[in-house]
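Given next are the chains, with one letter for each unit.
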Amino acid sequence: MAPTELDPVLLDPTRLSIVSLLAGVEWAEFAWVRESVGASASALSKQVTTLGNHGYVEVEKGYVGKRPRTWLNLSQAGRAALESHVVALQGILETSRQAAEARQDNA
Amino acid sequence: MTERPTAAEAARALQDVDERRDQAFSSTQREARWVSVVFGIVIFLFLAIPDFLGQEAVSWSSWAFIATFITYGILQRTRRGASVLGRPTSVRKQEFSRQYFRNVLLVLLVLVLTVALAALVPDGLTVPYWRTGLGVVLGGTLIYFGPRSRDWLFTKTKSGRGGPGSVAHGSH
Numbered sequence: 001m002a003p004t005e006l007d008p009v010l011l012d013p014t015r016l017s018i019v020s021l022l023a024g025v026e027w028a029e030f031a032w033v034r035e036s037v038g039a040s041a042s043a044l045s046k047q048v049t050t051l052g053n054h055g056y057v058e059v060e061k062g063y064v065g066k067r068p069r070t071w072l073n074l075s076q077a078g079r080a081a082l083e084s085h086v087v088a089l090q091g092i093l094e095t096s097r098q099a100a101e102a103r104q105d106n107a
Numbered sequence: 001m002t003e004r005p006t007a008a009e010a011a012r013a014l015q016d017v018d019e020r021r022d023q024a025f026s027s028t029q030r031e032a033r034w035v036s037v038v039f040g041i042v043i044f045l046f047l048a049i050p051d052f053l054g055q056e057a058v059s060w061s062s063w064a065f066i067a068t069f070i071t072y073g074i075l076q077r078t079r080r081g082a083s084v085l086g087r088p089t090s091v092r093k094q095e096f097s098r099q100y101f102r103n104v105l106l107v108l109l110v111l112v113l114t115v116a117l118a119a120l121v122p123d124g125l126t127v128p129y130w131r132t133g134l135g136v137v138l139g140g141t142l143i144y145f146g147p148r149s150r151d152w153l154f155t156k157t158k159s160g161r162g163g164p165g166s167v168a169h170g171s172h
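Going down the list, the sequences are from chains Z and R.
If you read the first sequence in this note's numbering, its first letter stands for residue 1, the second for the next number, and so on.
If you read the second sequence in this note's numbering, its first letter stands for residue 1, the second for the next number, and so on.
The shape of chain R in the complex, shown without the other chains:
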């Protein structure tokens, strides 16, 4: 580009800025496959443990379950931890729309409530090993649909981005 870009060059540069911002935002979709697999297995174990070890196992398995989520949260926020998880970037909070946070919160709430309810329901239901069955379904769903759900969240919220935080959204 010359010292004083032409209008066409300026338009191309602005388009590039926007495309790079979108590219950076789309990096939220990247995470190692094993992370979904580990979470799927953790959910399966959490639900299946009371079927095999009794209701009293819920207390210590709950702590292990919570510890897994906290560890994941901490790893996500550090450069080295994110590298371990296969995340090459940490996207700025300002890049996410409110809709994105609402969707993530809703998905997490549904997951946590389902798991908590399943773990707390007392024994005596007529279907044997029903928690194990539910664990297979939920864990399997997370392993299979985990990466796809991130893609879905990304697609759903991509259009809601921009505004004051976005430098390239102007008159071009």
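Extracted from the complex, chain Z is given alone in its bound form:
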């Protein structure tokens, strides 16, 4: 992917939120991500599956005592995709700013 290309997977706001949350952590519990994003467990599970299918998010399941836990972490590919996507978004803002300045100069 070119460095300034928008990632179609991350154009979805919920998926972008999940990846942004995970970008700051080594791993996070599924319940914490659900609470932070404000999505239902099934909705989050669906988005995590999509991100997992693209190799952006890795899932680990286990138990703490008798309680089941799911941990999520961002893969290297996911981190690279987010960085690239952010650069592309910044590019859109920069283009818009330059266009506004050009309009002001012409006026």
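The set of hints was computed from the structure by calculation and includes no laboratory data.
Keep in mind that this is a model prediction, so the values were computed, not measured.
From the three backbone atoms N, C-alpha and C, an ideal C-beta is built for every residue, glycine too.
Honestly, I wouldn't trust all of these hints.
[Claimed, not checked] Covered, in the sense of this in silico footprint (three residues per stretch, anywhere, with C-beta under 8 Å from a C-beta of chain R), are these stretches of chain Z:
#	segment
1	39-48
2	83-94
[Said to hold, decoys possible] Selected chain R positions facing chain Z (in silico; Cβ < 7 Å):
#	residue
3	Ala7
4	Arg33
5	Thr89
[Stated by the list, open to error] Label pairs and their computed distance ranges (CB to CB):
#	chain 1	residue 1	chain 2	residue 2	range
6	Z	Glu94	R	Tyr72	40 to 48 Å
7	R	Val112	Z	Tyr63	29 to 37 Å
8	R	Trp34	Z	Ala100	27 to 35 Å
Chain Z is already provided as a structure; the job is to place chain R on it using the hints.
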């Protein structure tokens, strides 16, 4: 969001990325209340034990004290251990500023030095059970102010974050 976001949509998305990164960083503040209580009790016991069992008890109680800290350190670094401690995430080292590490180190150094000095001072001081008293003060302070000190460290270091490790710090 459409295939090609407008400038306003891009700005909102970038703001969301930054907010989520801050949200992830603020998860460092989360830990079960019982952890502070256990550490408060451990410090109290470590200081009070020589008053009741004599100076020779310092050697084995020191090992127990060190073992508690090592166990805590190990638990923090594993997913299951962190869950036990009530920590839902492990924040990346790159997210912390140098100031944060300096502050944590300073707090730990002061705590360890105070406890070590109190434990090593020989008997014969005029105030009876002074170590027990100090244990109550230090342990109580940790139980009461433990969670607040994490909040303080977080607030003090939040502004120092960002830089090359932060993906969303750009021209927006």
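Verification of the hints:
no.: 1; hint: 39-48; in the structure: violated (count 0)
no.: 2; hint: 83-94; in the structure: holds (count 8)
no.: 3; hint: Ala7; in the structure: 3 Å, holds
no.: 4; hint: Arg33; in the structure: 17 Å, violated
no.: 5; hint: Thr89; in the structure: 4 Å, holds
no.: 6; hint: Z/Glu94 - R/Tyr72: 40 to 48 Å; in the structure: 46 Å, holds
no.: 7; hint: R/Val112 - Z/Tyr63: 29 to 37 Å; in the structure: 35 Å, holds
no.: 8; hint: R/Trp34 - Z/Ala100: 27 to 35 Å; in the structure: 55 Å, violated
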